[in-house]
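A.B. asks: Here's the letter readout for the chains.
Number of protein chains: 2
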Amino acid sequence: MKLSQGVEWGLHCTSLLAQAPADRPIRRDVLAGHYGLPDAYLAKHLQALTRAGVLHALPGPRGGYRLARSPERITVLDVVEAIEGSTSAFVCQEIRQRGTGAVSPDQCSNPCAIRSVMDQADAAWRDSLRGVTVADLVDRLPPGVRERNADLLAAAGG
Amino acid sequence: MKLSQGVEWGLHCTSLLAQAPADRPIRRDVLAGHYGLPDAYLAKHLQALTRAGVLHALPGPRGGYRLARSPERITVLDVVEAIEGSTSAFVCQEIRQRGTGAVSPDQCSNPCAIRSVMDQADAAWRDSLRGVTVADLVDRLPPGVRERNADLLAAAGG
Ligand code: FES
Ligand code: FES
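In order, the protein sequences belong to chains F and W. Numbering-wise (our numbering), the first sequence opens with residue 1 and increments by one. Numbering-wise (our numbering), the second sequence opens with residue 1001 and increments by one.
Rather than coming from a laboratory, the hints here were simulated on the basis of the structure. This structure is a prediction, so every number in the text was calculated from the model and none was measured. Heads up, the beta-carbon is just placed ideally off N, CA and C, and yes, glycines get one too. Just to be clear, a hint being listed does not mean it is correct.
[Unchecked claim] Per the computed footprint, the stretches of chain F lying under chain W, defined by three or more beta-carbons under 8 Å from a beta-carbon of chain W, are: (1) 2-8; (2) 32-43; (3) 55-68; (4) 100-106; (5) 133-142.
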């Protein structure tokens, strides 16, 4: 089981947009260049983040991307679910109701214990990601990085 | 991000083996038939569980599979990791060190905060799965299922 590369890209780009001068949209090629990412492939993930309401896409020559709300109100989970979706990584195909050992439908009023355990773990994973915001990620950057990013974004802008 | 079907299959088969008459090996076709699973594809997952030390494979006409230790000592995580591996679902490609925004190596003595958050969530997922054993799964079967499984396995046996 592997998460898409887009998760690393999306979290970095969202954190970077949190460091842009107030409300200044950042062009996609600037985001891609900042992390050395393939522009066309990044586009797909930025679109997913926009559809999910994490980013705002502004059209036109002075357009680009900015956060759709303050970084304190964007969780890591918001970004991860924009890219990977919000359904559990575990898919139950109700195999308990198949084969020679098939359990009757009236014995299946409760979800299978195996499914419950897997769904509980999925919830623990999401809870953990919900507990950290994009603002927290920016706070944890090494000394000096934030200032340098602000300079780079200001220089690249409009 | 999706887990392999083998996770559902492996957890069900492991739970079923915990219900077999003491130390009686169960043939692969019996396991496959019990849940209506494709025999050849199940083989791959049973081999992974054997390699991981969760199951014991006994050769010969009276052979088959049995648990390698008591179901109280096999966690759901043991089964999941046998099938899916134990590395984090998040892969960090150190994009912070790439592109025009590249952070210098001496600013990277600590892991990237994004990687840390993702790895923490992965650990929360594994902790959750480690907290439930195969014995717990059997305890949670609906009334009557366990007795019926024991009968079916006794009838199918050697
Ligand atoms: S039937 Fe799907 S997890 Fe048990
Ligand atoms: S560089 Fe990989 S997660 Fe930050």
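A.B. asks: Mind checking, does the stretch 55-68 of chain F have 3 or more residues with a CB under 8 Å from chain W?
C.D. replies: violated (count 0)
A.B. asks: Counting residues of the stretch 100-106 of chain F whose CB is closer than 8 Å to a CB in chain W, do you get three or more?
C.D. replies: holds (count 4)
A.B. asks: Between the stretch 32-43 of chain F and chain W, see if three or more residues pass the 8 Å beta-carbon test, and mark the coverage as holds or violated.
C.D. replies: Result for this restraint: holds, n = 6.
A.B. asks: Mind taking a look at whether chain W covers the stretch 133-142 of chain F? Criterion is 3 or more residues with CB to CB distance under 8 Å.
C.D. replies: The restraint on the stretch 133-142 of chain F holds, since 5 of its residues have a Cβ under 8 Å from chain W and three suffice.
A.B. asks: According to a criterion of three or more residues whose C-beta lies within less than 8 Å of a C-beta of chain W, is the stretch 2-8 of chain F covered?
C.D. replies: Since 6 is at least three, the answer is holds.
Checked against the numbered hints given earlier, this structure breaks only hint 3.
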